[in-house]
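> Sequence:
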Amino acid sequence: KGVSGSVTFDPENPEAITGNVVVQADQILMANERMTKMLHAEEWLHVAERPTAEFTVKEVISSEKTGDNQYELGIRGDFSLNGVTKELVAPVILNYQPGKLNARNGKGEGDLLVVRSNFAFDRRHFEIQPERGPEKVAYMINIEAGIVGFAPKE
26 KGVSGSVTFD PENPEAITGN VVVQADQILM ANERMTKMLH AEEWLHVAER
76 PTAEFTVKEV ISSEKTGDNQ YELGIRGDFS LNGVTKELVA PVILNYQPGK
126 LNARNGKGEG DLLVVRSNFA FDRRHFEIQP ERGPEKVAYM INIEAGIVGF
176 APKE
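This note's numbering puts the last residue of the sequence shown at 179; the count rises by one with no breaks.
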């Protein structure tokens with residue numbers, strides 16, 4: 026919910042991956058509802074004025090095939106959050122599933138790409154309560170993402 030964008034991936038050349046992923050900021054969730062509500066408020070992410078977070082691929086800095094149709098990439102890209110864009114490196118695990126679209130959702134023939142990543146950033150670099158110390162909210166924020174995209178056969 027709240028995820029869009031496009032990724033171009035070739036399993037024969039995973040280093041050539043391109044694309045971007047956009048997440049509606051009001052869909053960024055915390056461990057509990059109260060924390061999520063605070064995160065979305067004006068003092069933190071102010072999702073009413075800055076409605077999206079985005080990651081855009083710039084280059085692949087490492088690539089390894091780790092199994093049948095599975096790849097681990099180190100991707101350098103631009104991460105935008107809270108009105109600030111910074112370059113960062115994110116580890117990404119890709120699982121390419123050719124011909125599995127119909128089995129997953131019954132919407133015709135096509136391929137799936139499962140994208141997983143877990144990375145961290147310093148909230149001060151993105152103007153998220155930079156004056157607040159780490160007593161209640163750590164400086165380093167961990168992001169866990171799991172996204173399934175599909176490419177229907179034409």
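Be aware that one or more of the hints could be misleading.
Below are the EDC-like pairs computed for lysine to aspartate or glutamate, each with C-alpha atoms no more than 20 Å apart in a straight line [stated by the list, open to error]:
(1) K111 to E84
(2) K26 to E84
(3) K90 to E37
(4) K178 to E37
(5) K161 to E68
(6) K111 to E169
(7) K83 to E68
(8) K111 to E79
(9) K83 to E40
(10) K161 to D147
(11) K62 to D136
(12) K90 to D136
Simulated restraints on C-beta separations [unchecked claim]:
(13) H71 to E169: 15 to 25 Å
(14) A128 to E89: 23 to 33 Å
(15) E68 to G131: 14 to 24 Å
(16) R157 to G133: 20 to 30 Å
(17) G131 to G158: 16 to 26 Å
(18) G131 to Q154: 36 to 46 Å
(19) N38 to E134: 19 to 29 Å
(20) I168 to T91: 19 to 29 Å
(21) Y164 to N127: 42 to 52 Å
(22) M165 to H71: 13 to 23 Å
Since the hints were derived computationally from the structure, they do not count as laboratory data.
Note that the Cβ used here is the ideal one computed from N, Cα and C, for glycine as well.
> So, for every hint listed, does it hold in this structure?
Each hint tested on the structure:
1. K111 to E84: Distance ~14 Å between K111 and E84 Cα, so the pair holds.
2. K26 to E84: Roughly 27 Å between the alpha carbons, so the hint for K26 and E84 is violated.
3. K90 to E37: holds, 10 Å
4. K178 to E37: holds, 18 Å
5. K161 to E68: Answer holds: K161 to E68 is near 15 Å, not above 20 Å.
6. K111 to E169: With a Cα-Cα distance of about 18 Å, the restraint between K111 and E169 holds, given a limit of 20 Å.
7. K83 to E68: violated, 31 Å
8. K111 to E79: Distance of about 11 Å is within 20 Å: holds.
9. K83 to E40: holds, 11 Å
10. K161 to D147: holds, 15 Å
11. K62 to D136: The given pair, whose Cα atoms are some 36 Å apart, is violated under the 20 Å limit.
12. K90 to D136: Holds, at about 18 Å.
13. H71 to E169: 15 to 25 Å: Between H71 and E169, where Cβ atoms are some 23 Å apart, the hint holds.
14. A128 to E89: 23 to 33 Å: Given range 23 to 33 Å: holds, Cβ gap about 27 Å.
15. E68 to G131: 14 to 24 Å: violated, 44 Å
16. R157 to G133: 20 to 30 Å: The hint (20 to 30 Å, Cβ to Cβ) is violated, given that R157 and G133 are roughly 49 Å apart.
17. G131 to G158: 16 to 26 Å: Violated, at about 51 Å.
18. G131 to Q154: 36 to 46 Å: Given range 36 to 46 Å: holds, Cβ gap about 44 Å.
19. N38 to E134: 19 to 29 Å: holds, 23 Å
20. I168 to T91: 19 to 29 Å: This hint holds: roughly 21 Å between Cβ atoms.
21. Y164 to N127: 42 to 52 Å: The hinted range 42 to 52 Å holds for Y164 and N127, with Cβ atoms some 45 Å apart.
22. M165 to H71: 13 to 23 Å: holds, 21 Å
When each numbered hint is compared with the structure, violations occur for hints 2, 7, 11, 15, 16, 17.
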